[in-house]
Amino acid sequence: MRRLLLGSFALALGLVAGCASTPPEEDPVQMKLNDLDTRIARIERIAANQVELSQHLDEVQASLRDLRGRIEELEHGQEGLGKQQRDLYEDLNKRITSASPAGTGGAAGAGEGA
155 MRRLLLGSFA
165 LALGLVAGCA
175 STPPEEDPVQ
185 MKLNDLDTRI
195 ARIERIAANQ
205 VELSQHLDEV
215 QASLRDLRGR
225 IEELEHGQEG
235 LGKQQRDLYE
245 DLNKRITSAS
255 PAGTGGAAGA
265 GEGA
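In my numbering, the protein residues as written are 155 to 268.
Treat the hints with caution; some may be incorrect.
[As the list claims (entries may be wrong)] Quick list of simulated restraints, FRET-style, between CB atoms:
(1) G161 <-> P182: 28 to 34 Å
(2) M155 <-> L190: 28 to 34 Å
(3) H230 <-> A253: 42 to 48 Å
(4) S254 <-> I225: 52 to 58 Å
(5) P182 <-> R157: 32 to 38 Å
(6) D212 <-> M185: 40 to 46 Å
(7) M155 <-> E198: 28 to 34 Å
No wet-lab data here; the hints were simulated from the structure. Just so it is clear, CB atoms sit at the ideal spot from N, CA and C, and this is done for glycine as well.
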């Protein structure tokens, strides 16, 4: 019995020594963990960049909406100014036309009488 116990102890000691003799940098489990840590860090960086890009896109879209609103206001103002200019031109044209026949008629009549 003692021999069996001593043999089991020697076997267990050998297994523990075998596990301890593998350096951590060569341990496949540790290498896999390091690889996973690297991949997770890369994924976290990509996710952070995507969040930043999404926020930037939201800012650009808000800016675009503001610019479109300003363009619409400017177009409306331009239409109003165009209408005002046409109205002023028509008013001026009516005044010139209404003043012309009296002045032109007298001059035309004098020219015909000669």
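So, going through the hints one by one against the coordinates:
{"no.": "1", "hint": "G161 <-> P182: 28 to 34 Å", "in the structure": "holds, 29 Å"}
{"no.": "2", "hint": "M155 <-> L190: 28 to 34 Å", "in the structure": "violated, 46 Å"}
{"no.": "3", "hint": "H230 <-> A253: 42 to 48 Å", "in the structure": "violated, 35 Å"}
{"no.": "4", "hint": "S254 <-> I225: 52 to 58 Å", "in the structure": "violated, 42 Å"}
{"no.": "5", "hint": "P182 <-> R157: 32 to 38 Å", "in the structure": "holds, 35 Å"}
{"no.": "6", "hint": "D212 <-> M185: 40 to 46 Å", "in the structure": "holds, 41 Å"}
{"no.": "7", "hint": "M155 <-> E198: 28 to 34 Å", "in the structure": "violated, 57 Å"}
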